[in-house]
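**Q** Mind docking chain B on chain A? Use the hints.
Number of protein chains: 2
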Amino acid sequence: MDESAIISHIIKSTDILPKPIIIGPGDDLGMIVSNGMKLLAGVDQVIEGRHVKIGEEPEKIGYKAMARSLSDVAAMAARPLGSLATAAIPGSWDQDKTIRLCDALRETAYRFEAPLFGGDIAVLAADQEHLVVTVTVLAEPPSSGRLVTTRRGAVEGDGIYMTGMLGGTIDDDGGGDHLEFTPRIKQALELSSILEERLHSMIDLSDGLGVDLKSIAQLSELSAVIDANSLPIRDDVTIEQAIQSGEEYELLFSATGDVPDHVLDLPITRIGTFITDHAIGSIMLENDGPVRDISNLGWQHRTGGQ
Amino acid sequence: MDESAIISHIIKSTDILPKPIIIGPGDDLGMIVSNGMKLLAGVDQVIEGRHVKIGEEPEKIGYKAMARSLSDVAAMAARPLGSLATAAIPGSWDQDKTIRLCDALRETAYRFEAPLFGGDIAVLAADQEHLVVTVTVLAEPPSSGRLVTTRRGAVEGDGIYMTGMLGGTIDDDGGGDHLEFTPRIKQALELSSILEERLHSMIDLSDGLGVDLKSIAQLSELSAVIDANSLPIRDDVTIEQAIQSGEEYELLFSATGDVPDHVLDLPITRIGTFITDHAIGSIMLENDGPVRDISNLGWQHRTGGQ
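Here the protein sequences come in this chain order: A and B. Quick note on numbering: numbering that gives the first Met the number 0 labels position 125 of the first sequence as 124, and the sequence is numbered without any gaps. Quick note on numbering: numbering that gives the first Met the number 0 labels position 41 of the second sequence as 40, and the sequence is numbered without any gaps.
Excised from the complex, chain A in its bound form (with noise of 0.2 Å):
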């Protein structure tokens, strides 16, 4: 089954979104509006075996559930409010297993701001060995008035920037099962405080460089050029790993004018442009050989692992 073509189907069917709905299915969060007040929200789900290895440790599998969904939250600019989880927990785990991953998500709810306050636990049939787990965050845009930054605004001409470097999550085993990263939520703060209306789009690096900055291309109706040069990719990753890495929680994001080469802690790179010279959606990587798109590179169209 191709999921592409199912994301696409939910996109078309809520084209037109009733009154409440701001932003609909297709961004990192959807925007509600409750009495003039808008409110963010998304759900992701960390499945056992696909997101993370199988007999992971509860630990490790609540931080990433916890985070991962958080990282929506950075990738809006936008400030944690609570979340809420659920677990579909393989007969075979006992009560301890489950409580130790029933911590997890609260610490790291209560860690990154965004506290625990409900959620629902099920135990699957004895057959069923794989556990399911999902975390939905609620956030509110960034204080004095400023807006969330979606997928569509990048505009002609903007600077593309992300921050931190490639294959910073990719373990030291090659496993792949990226469960060391923080959400970049605090930097995306500080991104907006500084850049203003000037940060045009952003998104969190999570399916793969290519494959994200297409869907950024799409929404905002432009082509990209990279330069493979410029690329910060930590130092054992060969370029085609780096380019392929998904799981990196990295701020990838679009700006006019200045922008500073670091916030709080974290380098920030330009690593190209986005144009208007190929078709939408088509990122072009130079100065890796011949150029070529890599807008199709990353997670969805590899076949095993996370």
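Incorrect hints may have been included.
For identical chains, the list gives no copy identity; a pair is met inside one copy or between any two copies.
[Said to hold, decoys possible] Simulated pairs of lysine to aspartate or glutamate, EDC-like, Cα-Cα distance not exceeding 16 Å:
#	residue 1	residue 2
1	Lys96	Glu2
2	Lys185	Glu195
3	Lys59	Asp95
4	Lys11	Asp119
5	Lys96	Glu56
6	Lys18	Glu112
7	Lys52	Glu179
8	Lys11	Asp102
9	Lys96	Glu55
10	Lys59	Glu47
11	Lys96	Asp1
12	Lys11	Glu106
13	Lys185	Asp264
14	Lys96	Glu47
These are computed hints drawn from the structure, not numbers from a lab.
**A** Only chain B this time, still in chain A's reference frame:
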């Protein structure tokens, strides 16, 4: 594994909630404050083989998953704002079946004025055969300054009432899959509007009369007496079945003073009284043989099915 023990652990762990949270785990929905605005949210799971039978039609699963979460909005006398959904799809499902599930979720959400504005779809490994669907609902307090109705507000002497009838959703084939219920959102808002501050507590009837009343009684530090002769039971259903039938999704509430015998199209029946004569959480059934405590009769203590 004892799910009740896990849930007790979670409620205890979140006993002291950080500032934005007003209602934490343990009620039908949680409540949070953003810039002075109150917002409610909750999430529930529907698992194939547990809440719906294996191989159920995707339209029915989608309806049930959405309606079940919306019933929690009714239980708080809140007004739905929007919804998010996730699905972990069995490897054996094809694209058509998956789209039918997504469409059912979206159409049901729209019908009950909780438009779907985000979610996540992932395909399970080939050997994982059971669908897991979650629905998150967002809601706001009813208009004109009225409060939401929780499980904590019952008072000694309150009449105990329910809408509709017990056994109303039991399938004709006795399968007990409870697919046809309607979340009582409009009726709950109307009740809140009529009774105002005299509506002291409410829950939706999802785990069984005894278990659900026990939840209100425990949180309100009361016991209750129920008159078996007054219970509104469908003709072909025994009193034992009626008491244990969980997924009725009728409103169960307590109030002081006069209560009308209908709300919109739905009958209201007084079935008992909150008292302080017995141990906190006891639900004593009278007029069905010797007086007995039914506070443990309900879904949680059955082993099979839904």
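**Q** When the structure is checked against the list of hints, which entries are broken? Sort them ascending.
**A** none
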